[in-house]
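If you want the building blocks of each chain, they are given just below.
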Amino acid sequence: MGNEFRLSDLADRIGARLVGDGEKIVAGIAPIEEAGPGQVTFLANPKYARFAKDSKATAIIAKEVVPGVQTAFLLSDNPYFAFACAVEAFHPPVRPAPGVSDKAVVDPSAHLGRDVTVAPFVVIEEGAEVGDRTALFPGVYVGKGVTIGPDCLAFPHVVLYHDVRVGSRVILHAGCVIGSDGFGFAPTAEGFRKIPQVGTVEIGDDVEIGANTTIDRAALGVTRISRGTKLDNLVQVGHNVVIGSDTVIAAQAGISGSVRIGSRVMIGGQAGLAGHLEVEDGILLGAKSGVPNSLRVSDARVWSGIPAMPHPVWLRMATLLPKLPELFRRVKRLEEGNNPRGG
Amino acid sequence: MGNEFRLSDLADRIGARLVGDGEKIVAGIAPIEEAGPGQVTFLANPKYARFAKDSKATAIIAKEVVPGVQTAFLLSDNPYFAFACAVEAFHPPVRPAPGVSDKAVVDPSAHLGRDVTVAPFVVIEEGAEVGDRTALFPGVYVGKGVTIGPDCLAFPHVVLYHDVRVGSRVILHAGCVIGSDGFGFAPTAEGFRKIPQVGTVEIGDDVEIGANTTIDRAALGVTRISRGTKLDNLVQVGHNVVIGSDTVIAAQAGISGSVRIGSRVMIGGQAGLAGHLEVEDGILLGAKSGVPNSLRVSDARVWSGIPAMPHPVWLRMATLLPKLPELFRRVKRLEEGNNPRGG
Amino acid sequence: MGNEFRLSDLADRIGARLVGDGEKIVAGIAPIEEAGPGQVTFLANPKYARFAKDSKATAIIAKEVVPGVQTAFLLSDNPYFAFACAVEAFHPPVRPAPGVSDKAVVDPSAHLGRDVTVAPFVVIEEGAEVGDRTALFPGVYVGKGVTIGPDCLAFPHVVLYHDVRVGSRVILHAGCVIGSDGFGFAPTAEGFRKIPQVGTVEIGDDVEIGANTTIDRAALGVTRISRGTKLDNLVQVGHNVVIGSDTVIAAQAGISGSVRIGSRVMIGGQAGLAGHLEVEDGILLGAKSGVPNSLRVSDARVWSGIPAMPHPVWLRMATLLPKLPELFRRVKRLEEGNNPRGG
Chain H
141 MGNEFRLSDL ADRIGARLVG DGEKIVAGIA PIEEAGPGQV TFLANPKYAR
191 FAKDSKATAI IAKEVVPGVQ TAFLLSDNPY FAFACAVEAF HPPVRPAPGV
241 SDKAVVDPSA HLGRDVTVAP FVVIEEGAEV GDRTALFPGV YVGKGVTIGP
291 DCLAFPHVVL YHDVRVGSRV ILHAGCVIGS DGFGFAPTAE GFRKIPQVGT
341 VEIGDDVEIG ANTTIDRAAL GVTRISRGTK LDNLVQVGHN VVIGSDTVIA
391 AQAGISGSVR IGSRVMIGGQ AGLAGHLEVE DGILLGAKSG VPNSLRVSDA
441 RVWSGIPAMP HPVWLRMATL LPKLPELFRR VKRLEEGNNP RGG
Chain C
141 MGNEFRLSDL ADRIGARLVG DGEKIVAGIA PIEEAGPGQV TFLANPKYAR
191 FAKDSKATAI IAKEVVPGVQ TAFLLSDNPY FAFACAVEAF HPPVRPAPGV
241 SDKAVVDPSA HLGRDVTVAP FVVIEEGAEV GDRTALFPGV YVGKGVTIGP
291 DCLAFPHVVL YHDVRVGSRV ILHAGCVIGS DGFGFAPTAE GFRKIPQVGT
341 VEIGDDVEIG ANTTIDRAAL GVTRISRGTK LDNLVQVGHN VVIGSDTVIA
391 AQAGISGSVR IGSRVMIGGQ AGLAGHLEVE DGILLGAKSG VPNSLRVSDA
441 RVWSGIPAMP HPVWLRMATL LPKLPELFRR VKRLEEGNNP RGG
Chain L
141 MGNEFRLSDL ADRIGARLVG DGEKIVAGIA PIEEAGPGQV TFLANPKYAR
191 FAKDSKATAI IAKEVVPGVQ TAFLLSDNPY FAFACAVEAF HPPVRPAPGV
241 SDKAVVDPSA HLGRDVTVAP FVVIEEGAEV GDRTALFPGV YVGKGVTIGP
291 DCLAFPHVVL YHDVRVGSRV ILHAGCVIGS DGFGFAPTAE GFRKIPQVGT
341 VEIGDDVEIG ANTTIDRAAL GVTRISRGTK LDNLVQVGHN VVIGSDTVIA
391 AQAGISGSVR IGSRVMIGGQ AGLAGHLEVE DGILLGAKSG VPNSLRVSDA
441 RVWSGIPAMP HPVWLRMATL LPKLPELFRR VKRLEEGNNP RGG
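Protein chains in written order, with this note's numbering: chain H, 141 to 483; chain C, 141 to 483; chain L, 141 to 483.
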């Protein structure tokens, strides 16, 4: 990509302590199995230390020096963070050039900040506001009265229904839909009557939303994703959900309506949460869990399973499940008074 | 917003019986914890009656008066329905203005009804028909030979593949895809050979389809979603599935090919149904269930679990699962003749 | 549809052996319950042989003659393949007419092959290449530096982020997103720091990707879907995943980052695989399975359940799960020395 650094400069830039020759030049970053001379690599997990021994990389970002390895080290207490900085050093983010395409349709009442990018086939409806330096890729739809803060990226075909509010430095991946109607119907003798969904969605600063993820507007009030929270692809967030800050939700998880999720929560892929429950700050929820009730830290910090149970219980249970047929046989033998072990 | 009503007029309009002063003016609707003076609120569930006591709302929509609460009441046997009507009274639906954008591409052979809305960047292919007053938001794709009835809404980027048929008053949320190829391949020695998917999809009247939901066309014949059925976001409906009327399917549920689902069925989020099975009218299926076989009302009306079992069995089983490690210990103790309780 | 065949010609064309009158004319193909005179039908599964007895079809594609049935038979060792050929004979694939719409935006530095179709509202960015006869439906986005081989189909609103590489004869269904950022963040005291995702995605020849499926680009390196592999709708493929050839993944399955899946693997709908594990060639994984560890053929070829276990174990376990409440009662009775069966 063209960027190259003296190791000592790279160390400064990523906040790492250099062990080795600072004059060496590095010009790229690669996974530990693939990195060659002139490249930097990354050892996140000490259990892959054996790869370090065979690595031909010029320098390894790590928490500590791996004994017996001759390459330079870039040491950091948070090597994952140092790695992020190094990737960015070699691959500085490229923003699309500012400008409003004459193939976009921007309502005259909309307000665009400075240096925005509005690509072809974008539609910006009445009264919408787009912050400085925000880039809207082709086909993005910005509904009536939407506000988007500065320095956001909305990839192709993102859809923001009317009145949705998006903070600063938000990244919206292709095809995500924010502000679609919540799923609410009143049963009647003649079938279901739609409950109009007249609330909205608020997305905090520094949020990232994955491709094709869907976030429904509130029935009344607000569906809220707070500052710094990250949602992966194909996640479903129901109406009136409130999610705290710095929470991470992996792909295909589903959050039913009116759930309240705290801050610094981590939710695994394909997990599902029933409606109206609460997940306290700092809870970790395993992939594919099914959560029927609120999760409290006082009961456990890590939960897994269907239904969700404290993770250590789930681990033991999961090991025993395949032995269930054998257990049934053992109980039968006991009932028959035919006990091979005991008296 | 702007709409305001005398309480007695609102009561008439939503078919409720007023208890209290009909001359009072209300100008909005809000959740029970947030509603203030001049607003109406809603008590769906008697277990939240305590909120009614603290409410500052001017009137509460409910099934019956909550003793000791001084606000006016709007009573209905179906308070959820009355609530839907009240929300609509305060927030009358806004249709986009009719008209065909000169930035849309409409094939000359397509037929558009009266007062349709065709937004910029819509494509309507050869021979398609769009009914009166139907609105197509930006980027909607209407394939060759598609027919859409009157009074439909298709939000941005909805995709209707060729020959799909959509009824009246249908709501299609952003990014849903109707009529993509079913997933069918013939294994051969050289790899998979695609089975051409030459059937279609029919969507009945008053159906609503969630954002980014996918409904595959039939291999041969028709995939059918019948009148009044509601699908949430990110649902998958495989080829040749037939779904009855007034059925509700929550987000991220997956219906495999050739499944037949009856009418008035309710399917929870993330539930999955294996191919070629049948779910009888009126069945309720819990969230995250996995259904390997047909579900008959004569066996149970409510089903849950993986594999799906009658709901009461699932509930007991789910309670016992975390005790499985203990059960293994207890059986071991019995086998060792070391029984702490019995003889 | 117009196409009609003498049975003997159809037999030649689909590589089947005719039993019956080769002069008869057939003009369509339909499911076995619906096929009438002049139509061909298909008996894939001998367990539906009873339908053959009642069929009014003129000919049945099958593996062998069903005794007592008077219609003609088109016999094939691979009747599913013969069926695919027959469907194609009656419904030859229709490609959109070649040509570049003046409503598309094609960067002057992009390279388009011969006879490509570029529909309205397509965007092709700088340096992209599109192979001969490839068709891009309305709203397809082709990012900077993307390459697409010949004879591909990209249905409406497919999004290819920058630098993604797509092989030949690839089918991309509406709304699928290829090359969105992988989900990677370094935790810091101030919240999450995004790890730039600077790798790419490679899609091999003859791959098919379902509607609204998402495939993330690698953090470093490549996410790879190899030749002939088929992904259904709403599948999630995380960053740095490598999938072999001729593998089939059903709807809503989720593959976490850095998973390696072999060739000729079959993964059921809604299955989920944890990060960094391996699935060997030829493994079959049941729908809704949850896979925490690598799957080896030496342990079992077919796996199911949460957590995934060898399929026969899962089957027995699944039968016993609903009997768990009873087992707890039986053990309690044993502990109380109150054993109804044994001594």
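These are calculated hints, taken from the structure and not from any lab test.
Computed from a predicted structure; not experimentally measured.
Among the hints, erroneous ones may be present.
Remember, identical chains collapse to one label, so a pair may be satisfied in a single copy or spanning two.
[Said to hold, decoys possible] Within a straight-line C-alpha distance of at most 27 Å, the following computed BS3-like cross-link-like pairs (lysine-lysine) qualify:
no.: 1; residue 1: Lys164; residue 2: Lys463
no.: 2; residue 1: Lys284; residue 2: Lys334
no.: 3; residue 1: Lys243; residue 2: Lys284
no.: 4; residue 1: Lys193; residue 2: Lys164
no.: 5; residue 1: Lys164; residue 2: Lys203
no.: 6; residue 1: Lys463; residue 2: Lys284
no.: 7; residue 1: Lys164; residue 2: Lys196
no.: 8; residue 1: Lys187; residue 2: Lys203
no.: 9; residue 1: Lys463; residue 2: Lys203
no.: 10; residue 1: Lys284; residue 2: Lys187
no.: 11; residue 1: Lys203; residue 2: Lys193
no.: 12; residue 1: Lys334; residue 2: Lys463
For each hint, the structure was consulted:
no. : hint              : verdict
1   : Lys164 <-> Lys463 : neither (57 Å within a copy, 59 Å between copies)
2   : Lys284 <-> Lys334 : within (22 Å within a copy, 31 Å between copies)
3   : Lys243 <-> Lys284 : both (19 Å within a copy, 19 Å between copies)
4   : Lys193 <-> Lys164 : within (19 Å within a copy, 73 Å between copies)
5   : Lys164 <-> Lys203 : within (21 Å within a copy, 69 Å between copies)
6   : Lys463 <-> Lys284 : neither (58 Å within a copy, 54 Å between copies)
7   : Lys164 <-> Lys196 : within (14 Å within a copy, 71 Å between copies)
8   : Lys187 <-> Lys203 : within (12 Å within a copy, 53 Å between copies)
9   : Lys463 <-> Lys203 : neither (41 Å within a copy, 40 Å between copies)
10  : Lys284 <-> Lys187 : neither (52 Å within a copy, 38 Å between copies)
11  : Lys203 <-> Lys193 : within (15 Å within a copy, 57 Å between copies)
12  : Lys334 <-> Lys463 : neither (48 Å within a copy, 41 Å between copies)
Consistency with the previously given hints fails for numbers 1, 6, 9, 10 and 12, ordered from lowest to highest.
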